[in-house]
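Undergrad: Take a look at the letters that make up each chain.
There are 2 protein chains.
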Amino acid sequence: MLSGTPQLTRRDLLAMIGTLAGSAAMYQAMTTLGFAQESPYKGPLKLDGDPKGASVLILGAGLSGMVSAYELSKAGYRVQILEYRKKAGGRCWSLRGGDKYTELGGFEQECKFDKGLYLNPGPWRIPYHHHAVLDYCKRLGVRLEAFVQVNHNAYLHSAKAFGGKPQRFRQINSDFNGHVAELLSKVTRQGGLDQAVSKEDREKLLEALQSWGALDGNYAYAAGDRSSERRGFEIDPGGGQMPVPKPSQPIGLSDIVQSGLWSSLSIGNLYEYQTTMFQPIGGMDMIAQAFEREVGNLIHYNAKITEIDQDDNGVTVRYEDAQKGGEAQTATADWCICTVPFSVLSQVKTKVSSDMQAAIDNLPYAASIKVGLQFKRRFWEEDEHIYGGITFTDLPNTLISYPSTDYQSSGKGVLLGAYSWEAWAYEFTSLPPEERIKKALEYGAQIHPQYNDEFDNGMAVGWHRVPWTLGCYGEWTEEKRREHYRAASAIDGRIAMAGEHISYIPAWMEGALLSGLDATGRLHQRVVNG
Amino acid sequence: MLSGTPQLTRRDLLAMIGTLAGSAAMYQAMTTLGFAQESPYKGPLKLDGDPKGASVLILGAGLSGMVSAYELSKAGYRVQILEYRKKAGGRCWSLRGGDKYTELGGFEQECKFDKGLYLNPGPWRIPYHHHAVLDYCKRLGVRLEAFVQVNHNAYLHSAKAFGGKPQRFRQINSDFNGHVAELLSKVTRQGGLDQAVSKEDREKLLEALQSWGALDGNYAYAAGDRSSERRGFEIDPGGGQMPVPKPSQPIGLSDIVQSGLWSSLSIGNLYEYQTTMFQPIGGMDMIAQAFEREVGNLIHYNAKITEIDQDDNGVTVRYEDAQKGGEAQTATADWCICTVPFSVLSQVKTKVSSDMQAAIDNLPYAASIKVGLQFKRRFWEEDEHIYGGITFTDLPNTLISYPSTDYQSSGKGVLLGAYSWEAWAYEFTSLPPEERIKKALEYGAQIHPQYNDEFDNGMAVGWHRVPWTLGCYGEWTEEKRREHYRAASAIDGRIAMAGEHISYIPAWMEGALLSGLDATGRLHQRVVNG
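So the sequences go chain by chain: C and R.
Taking our numbering, the leading residue of the first sequence gets 22, the next gets one more, and so forth.
Taking our numbering, the leading residue of the second sequence gets 22, the next gets one more, and so forth.
Chain C on its own, in the form it takes in the complex (with noise of 0.2 Å):
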């Protein structure tokens, strides 16, 4: 900007806007300017063109297979999915009541869930950023509700730490930001920060220390009305004449580094777990149907993928019927999106080039188990004030998620009594089902000794033993994404990849929405430029 030249602000410029053109391209101008929408999902797919006729043959009833069909069907391709199981959605998955699971190795497991409670052994919370999912939701009429990632009321729990006792959330965290505040506001006022900031900036610092902390006149964060407002009291303010509220001590800066506790305060301000995140009010299954009802009737289910054929004409594909075997079928189609997980297709004979063959081979999957548990009352809520949110231990279960959804409702209640990975997972489903559970009961019961009194019943699914999928999600690391993302994601001859796996937000029903999204629309230009 030229010497002498008035300075437009941002600002300014957006006033300017707003006066000569309206409040419309104000708001424009005001996006353009970096207000809005960093998602490359811009909203539903545009597919111009005539297909001429053109099929398609999709390979799993999970979203990325039904959000493909759905389109592609929309903008006049003849479409069929073949699915392996007798239902859609895929890892989109709810086990009510009366549900049957059978996994690898021949477990069964029968829920025995009272009706109206449910486990969502998959994908079970929705941030607010995942606009795909949200932006399905709204227009197939999922109704939604918020999920509580992180209640201060809940615990933070480590056998090595405060004698194994439990800690509130609150506690921890108000007091690791006291300490913190206290510390840096010493060295800022002794003169320790002289060099690396400036005086204005040294006194801004300390005003928000001090509000941020809840540092009292002093600059220290000590027990008295400030800290107990974040904290919690030793006794609550109540009303008329009852006892006078009495402040609560905090714990020292030693007992909270030392107790590791500090590594789950921050879960919450994670882009993927920061309010507002989403359930769907009655599972997470509800996406499923609702997609279901949309494509169901182009569903081929209990089909078994044998062999997946290729050449310039077409795809063929060989499966048979999943439950009783028998002779091998054959769908043939002009294109074909496959949404197998790569650990189930690289069992199965896929013509692809050798590129994308490498791919298949080479994508690791994650291990994990979530075990759910029903409990004859929600004691959670009505003995510890807890509802909704996580309560996070260093023990192999990991977490105990309480229900975000009929606060306060009476009967029973299920939660989330384990959710680990890998070795943990590993050591969990090394066990008989009612093992697993008993293990994630006596976890549990050091955080909830109410567990052994009020236990029900469980299930427990480990994905690495789920006949679908055979892993959790697609485990990408930086070297294998530089050496095989691109041939995973290409348009191979007449396949496409699509899934959770061939996305940047893996083990998320985004990325399996976004993905399908992405090879549809790559797919139809492919049809209709020729």
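A portion of the hints provided could be inaccurate.
Any copy, or any two copies together, can satisfy a pair, since identical chains are not distinguished.
Claimed, not checked - Straight-line alpha carbon distances no greater than 25 Å define the calculated DSS-like cross-link-like pairs of lysine-lysine that follow: (1) K370 x K107; (2) K159 x K433; (3) K220 x K181; (4) K397 x K63; (5) K225 x K207; (6) K186 x K225; (7) K207 x K220; (8) K73 x K186; (9) K121 x K133; (10) K459 x K133; (11) K325 x K220; (12) K267 x K501.
I should point out that these hints are in silico values taken from the structure, not numbers from a laboratory.
With chain C's structure known, arrange chain R on it following the hints.
TA: Below, chain R without anything else, positioned relative to chain C:
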């Protein structure tokens, strides 16, 4: 503890109790050892003993009056309630389409919200530790949903910072934490804490700061995946061959501290606003309606109290018809619970001790205003991906709160467009209601330019002009509380005061309920003990 005695930890003790006496006993022990229940609310009131036909006259059918009536009539008292309005609930109030409201001075407003939409002019959220409110909701069948207080995708806004451009909460929050962690790490590593913190603790502190503040391997808070996983990306991760994710650029320390936006960062850490907060599904007055279903038959509506008299034998209250005026009527009883706000009561001739009269005359009431705005569409969700939660601003409207319900519903939406106090509240109410709404629109449009095109209609309630309260809540200073609280909360002859103002939780429904319960309990003791 004697030297040589093996030290018994709390955990050992609990384990021992668990082994000897079972888990229920263990939980009792944990509670006793400080596990739960800081609240003065100890569950449903037990009023043992025979009231021998005693009668109680309750003044005001707000929550404190209705809970007193509910408990007293269950215990066998003869109860009647006098209520100024033609409906119950007091400040627990929701405005819906068709409702009319006339304020002091005569301005009348008719609410034109669409069916299903509402504004809570009074209380609008329930903390998880307001045990009395939650317990009555449970017992009276009021269904709750999560109220979102902190939304990482809502805005922090200052007209004086960032050219007036609102900033996403997640960005200011991540960057503030990051800079604080980086500064304190640097000092720690340079030896600046060597005197204050032990070596073992310094090592753990560094580890904690790196984790909590999203610092990189060099303890720096810098553009990259780690910071973007908190503050969000410039390009979000996508699927297939969508553009690859791109990290965003953090805001510098100086801009963060000078902006003042940090002043709203810790609100979600306050005990009163921590997760999980609630609201009744359908509007706050679902609680009032639930109580009214129980005690409505005891309420005499439209009763404007003109004098409260008492002698050794009982209480006599004179009142007239609040609508039609006319001749004074009289109600008598053995005892009285008066829940009339002191702001109103100070204008009623009341026979009480001089100490009580001093309390009545000396409690100032807070001025505040709420403005509800209906828009033609939920643009905050559709355009800006803000679902529930609150945007804070330094403009006189102070905040914008988005509805924590019916997420993604189509049709119109009502948001809270202003919630202002004292001087700013008086400024609003110096104008007629339609002008107050215009002001709220003018301020809000600086954050959401869509206001200009999408506004439909609004309601503005200034509490200091509400005829039945003449203020928002009893604003005890420390000095006033020392001087007057004991007298205000004492049973004065045959009269006990109750309401949020007779509590240590003024302005909250919990204060009203606890105060009513406490007065009821003490009155009952007086009755049964003669």
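Undergrad: To test your reading of the hints: which numbers does this structure violate?
TA: 8, 11
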